[in-house]
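Residue numbers (my numbering), protein chains in the order written: chain A, 1 to 199; chain B, 1001 to 1312; chain C, 2001 to 2653; chain D, 3001 to 3130.
You can trust all of the hints, since none of them are fake.
A partial selection of chain C residues facing chain B, derived with a Cβ cut-off under 8 angstroms:
id, residue
1, PRO2081
2, LEU2161
3, GLY2345
4, VAL2395
Please keep in mind that the hints were generated in silico from the structure rather than gathered at the bench. Treat the numbers as computed from the prediction; the structure is a model and nothing was measured. Cβ coordinates follow ideal geometry from the N, Cα and C atoms, glycine included.
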Amino acid sequence: MTPKAIDVSRLPAYAFGHRSIMWWGGASLMLMEGAMFAMLIVSYIYLKGRSPEWPPGYFAPVLFWGTLNTVVLLASALPNHFAKAAAERLDLRRLQLWMCVALVFGVGFVVIRVFEFRSLNVWWDSNAYGSVVWTLLGFHTLHLVTDVLDSAVLTALLFVGPLQESHFTDASENALYWYFVVITWLPVYAFIYLAPRLA
Amino acid sequence: MPAIFQSALHPAGPQAASISHLWWLMFWTCSAVYVIVIAALLVAISRRRMDTRPSDGTLRTSVVTAAGITVVILFGLLFASVATGRAVASLGAAEALVIDITGHQWWWDVTYENPTPSLQVKTANELHIPVGRQIRIQLKSSDVIHSFWVPNLHGKMDLIPGRQNLLWLQADKPGVYRGQCAEYCGVQHANMALTVVAESSDDFERWIMAQRQPAPPPSTPEQQHGLQIVERGPCAMCHNVTGTVAGGRTAPDLTHVATRSTIAAGTAPNTRGYLAGWIADPQHMKPGAKMPSTGLSAEELQAVLAYLETLR
Amino acid sequence: MMEGATADPRLEPAALAREARELARTWREPEGFIGWFSRIDHKTIGVRFIVTAFCFFMLAGLLAAAMRLQLAQPRNTILGPDLYNQIFTMHGITMMFLFAVPVVLGFGIYFVPLMIGARAIAFPRLLAFAYWMFLFSGIFLYVMFLLNVGPDRGWFSYVPLAGPEYGIGKRADVWAQLVSFTETSGLSVSVCLIVTIFKLRAPGMALNRIPLFVWAELVTAFMVAASMPSVMVASGTLMMDRLVGTQFYNQAEGGDPILWQHLFWFFAHPEVYIIFLPAQGIVSMIIATFTGRPVFGYLAMVLSLVATAFIGFGVWVHHMFTTGLPQFGTSFFTAASIMIVVPSGVQIFCWIATLWSGRVRFATPLLYALGFFMVFIMGGLTGVMLAAVPLDAQVHDTFFVVAHFHYVLIGGSVFPLLGGVHYWFPKIAGRMLSERLGKIAFWPLLIGFNMTFFPQHILGLMGMPRRVYTYPVEMQWGALNLLSSLGALTMFAALTVYLVNVLVSLRRGAVATENPWGASSLEWSTSSPPPPYNFHPAPTVTGREPLWEPDVAERPVVIGLSADKRDVLVTQLMDAEPDHRKEFPEPTVWPFLTAVAVGGLYIGSIFTPWAVVWGAIPTTIGLIGWAWPRKGNQPRHLEREIAHRHRAAAEHA
Amino acid sequence: MPSSTSRPVSHERWRLAAVWAGLLAGPLAWLTLLEVNYLFAYVACEVQRTWFMHLATAAALIVVAAAGFAAWRASHGDMTTDETLTHPLSDETRMQRSRWMSLAGVAFSIWFIVVILAMEVPIVVLKECQ
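Chain A extracted, bound-state conformation (with noise of 0.2 angstroms):
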C-alpha cells in the first residue's frame, strides 16, 4: 500500500514573527549580543564597587549629546514600526519609504555619537573607568554601525535587487534589530551618564 501523506505544498512560502527561522536567528543573535552588554555592564558595577570614588578623578560626562541621542534613538522607533507593519504587509512602497526614514534616523545618530564620545571627559586609557565607559559607547556604537549598514543594504535591495519573500522578512527581522538596538542603549545609557552623577 502506498502510505499516507501530509501535503505541505499549499503551505506559505515564509513567515513573520517566531514562525519564522529568521526571527530565531535574530533572537540567538540578541541573547549573545545582550549577554555581551550584560557582561560589559556587571564589568562597570564590578569596577565602581572596587574604586572609593565614582568617577574616580574625572567629571561626569556632559548630559546634552547623550540625552539628545536617547530622544532621538526613541523617536527612530516609530519609522521602524511603520517599516515592520509594511514589511508584513508585504507593502513594498511604503517599506521603501519607512526604511529610508530610519535611515535618516540611523545616520543622525551615528554622527551624533561623534559628539558623545567628544564629552566624555575622559579618555580610555586614563584610567579604568575610562576604559570601561569608553568601552560600552564604542561597543553600543559597533552595533548600531552595523545595524544601520545592514539597513543601508536591504534598503538597496528592496529598490534595486531581484524581489523575494526573504526581503519582507529580513525587514521585519531587522526592524527587530533596531528595536534591540534601542533597547540596549537605555542601560548604557543609565551607567554611562546617571550612575556617575548618582554616586
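With the hints as your guide, set chains B, C and D onto chain A.
Below, chains B, C and D without anything else, positioned relative to chain A:
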C-alpha cells in the same frame, strides 16, 4: 631528609589537620559510592536472565531511591566541608607573630613585622616560626599573581597585586616544611619554593636575634676582597647586605644568606659548589631568572664566595 | 481524518524516484576548486568539523607526550621552561578550543538535522563561515607556535601575567585572538543548532519526542550562547589593555586582576559542560541502541541536562577559592558545585537501569560507553572534593586537579566521542569500523588512561603543583611521574590502533546498511551515507523511538515540498506542526571570503588597532556579497504569495 | 481520549504560562538567590546579622513552590482541539507534550527547592565574617 616533606597528607598544624580529616572523610565516602555504583553497573551488564526483567515501576523506585541517597550524602559532605571551613578559619589571636611576604618573579621576600622598625627582620625564601604560636601572614605581590602554599601547614592563598591577603597558620610539631608557589607565575614558576622551619620558641628567639644583627665584618683578606666586589660590583645594585653599602632592594636580602638551606628560591642546596655555579651563570641553573650573569673572574668569584660564607 | 491522507499519485514509486533524482540535482554540492570552498551541506561541514577537530586532538596529544617526556624524571632537561610553558598552554587551548568544543558541535552539525528528520540545517552559509573561522584559528595558532610566538600564559591567560606589563611579546595576543576566532565560530554554530532544533523538526516531533542527543546539543548550544560572550568580553578587553592602553586589569589605575578571573571562569566552567553534555547525549544513544530499549526515564534525562546547564552557570567561583574572597560568600558556590553532581548522578542511575532491564549487546560502541562510566564517575567524585573550600585550598592548582579534569573530560567526553565515532562511522562513511581493532584499542586505552592520571591524584596530595616544567629530585615525585609517563605511552599506542582502524576501514570496511545496529533514531532511516537532501520522502514522527514504533510502516510522510528549489519544511516550536516552507540558500564562496576578511581583521589587530578599521571594509563587502540574492522569483510567484496572504487574512477575519 | 471538550483560548494561555513558570522559576530564582547571597555575605559581615539571608531563601522557596504548584495544576484538565492542525495525531501529540512539560515543571521545581535548601547550609554553619 624526611620521606615526604611537602605533603597535604602529613599535617603539622591545626588547619592542615582538619583539612586532612575532611579529605579522608571525602575519600572513604567517595570510594564507597564508586564501588557501589560500578558494582551495580557490572551486575546490570552481566545479567543474562531476561525473564526477570524488572518493571518500569521497580526501576523508577530504585532510581528515585538512589537519587535520594545521593542528595543525602551530598548534604552531609556539604555540611562537613563548610564546618571544616569554619574550623580552619578560627585562628586570629591578637598576639600572633606577623610576617609580611611579598611575591616576586621568582622568589619570596619575607619581613618579620615589629612595631619598632629597627627590630624588623628582612630575609628571603626561608621562614622560621615558633611552634604552637599563631602566625599571621600578610601576602602581597610586587608583580604577577603568586600563591603561597605550605601543604603540611595549610592550604594555599594567592598573592595578588594591589591587594593584601591574610593567611593564619600554626605549626604544632617542629620540623622543616617545604612550600612552593602554586599559581603559574611565568617562566620559572617551577623554581619558586620556600622553606618553613618550625622550631621551639627559644630556638626561634635565638634565630631572630641573630637575624637582627648586621652582617659581620670580613676577617681574611680574601673575604675583604669579596666584600669590595659585592659593594662595588653588580651585586649591590639589587641585593642588600645590612652593615655594608650594598643596599639593593629588588633581589633577596643577603645579610644572613649563609644561614639559609637553599639558594635561588629552593632551586639548589646552599653549598659552596652550587653557590659558585649560581653566581657564575644564573641563567644555566634557573633559565629566565632575573639575576644576570655577573661576569666575575674565577678569582673574584672565589673571593665573593668566601665573603658570602661569613654571612651567618 | 486528515486532509491529504488518502493515497496520492506523488507517492507512486516511479514518481518518488523521479523526484529523488530532481532533489539530488537541486541539493548537489558544488564541484571544482571554488566549489570546494562553497559547500554548505551540514554533512560536509559536520565531517570537516569532526576531522579537523580530531587532527588538533592528535597535535595536542603529541604536545602532551612531550610534557610527559619532560616530567618522566626529576630535573629533566629535554624541554626548557620557555618551551614547556608554551607547550602546556598550547595543549590546553588546543584541547579546549580546537578539539573538544568543535568536535561536539561537529557531531551536532552532522546528526541533529538527520535525527530530527530535516532536509538541511538552518543558516547553512553561517555554518560554512563558522567552519572556516575554526580552521583559520587552528592554522593561525600553530603557525604562531612554529614561529615561537605560541601562547605561554596558560589557557586561562591570567592577568597581569598576560597583561601589557608582564606579557611581553605577542604571545598573549595570540591567545586572545585565538579565543576571538573560536568563539566567533562556536557562537555561529550555536545559532544554527538552536534554530534547527526549534524550527526544522519533522512533523510530530514534539518537545517530548526529541532524541536525547538532540536535547544535549540544544542545551549545549544555549550554554555556548550564554557563556562565550563573557570570554569574548574578556579577550577583547585584554587586547585593548595590551594594544590601546585601556586599564581594565591594571590595579594601579583602578582596574582589577580578579575581574579577569570572574569573566574568564564565568565562561570556562560552563565550557566544561559544553564539552561534556553532548557526550552524555552520545552515551544515551549508544545505550539505547545496544540494550534494544529506550533509555529509562526520558523526562529525568532531559531535566538533568537542563539542570546541569543552569547550575553550571552558578559554580564558576570555585576556581577562585584561593584568591582571598570571603569564605562566607564563596561557600554558596560550594553548595552549587556539590549539588550539580545530582543531575549527572540521576543520568547514570537511569543508564544503569536501562542496561539492567535491556538486552545488552557488547558491541564496541557500548564498550566505550562503559569506559565512560568507569572513568567519568571517578572524575565526578573528585569534583565533589574540589568543591569543598578547605580541601580545594590544598589541591587547587596541583596535579590532583589535573587528574580530576582529565577523568572528567577524557572520561566524560573523549570515551563517548570515540564510541560515537564507532557508532556513527557507518552512517558517515558507509562502511563499518572493525569491531576487533576497536576492542583491541579500547583496553590499553582504558588501562593506559588510569595509569597516566590516577597517580597524579597522589602527586597532587604529595604537593606537586601544576604547570611546573621540572621538580627537584628529593621531592620523591619521580616514580609516580615515570608511571604516569608510561601510561601516556600506552594511551598513545592505543589511539594509534584506533586511528589505523579508521583509516583502514575507510577503504576496506564492510559496507554498511541503512541501519546496521538496529537503532531507533531517524538518522538510521536514510541511506548510509545519506543523500544531500537527507530524506525522501521527508518523515513524520509519532513517538520517541521512530524506528521502533509499531506504526513505522504506515506512518504518514511529508509531500509537497518543491524539488526544483531547496525547499525546507519549517514547523512549530513545541509540537512541530507544519508551519511554512522556506527556500534555503544555494552554495556560495562568500562565507569563505568573509571568513578570510574577518581572520585578517583579527590577526591584523594583534599588531595595530587600525586593522579593525581596515579589516571592516572587506568584511562588509563579504557580508554584502553573502546576503545579496543571486536569482529572484518571478513577480507572478510573489503576487500569488501576496494574494494567498490576503486570502488568509480575509479568512481569519 | 478527552480531547474535544471546548475551552476558551485564555485557558490555554494560562496553562502555557503555568508550564513555563514551572520550568523557569526554579533555575531563575536559584541563580538570583546565589548572586543575592554572594552580595549579602559582605553586608552580613558588616552588620553581624544573617536574618535577611534566611528571608531571601524563604522568598525563593515560596516563588518556586508556587510555580511548581501552578505547573501541577496545569498537568490536569482537558485541552481544546484545534481544527487548523494538519497532522493526523496532532491533538494527542499536543496533549502528551503539554502534560509532559507540566510534569517537567513540577519535577524541576522540586529539584530546585532542594538546591535552594543547600544554599542555607553555609548561612547556618559559618560565622558572618569568615
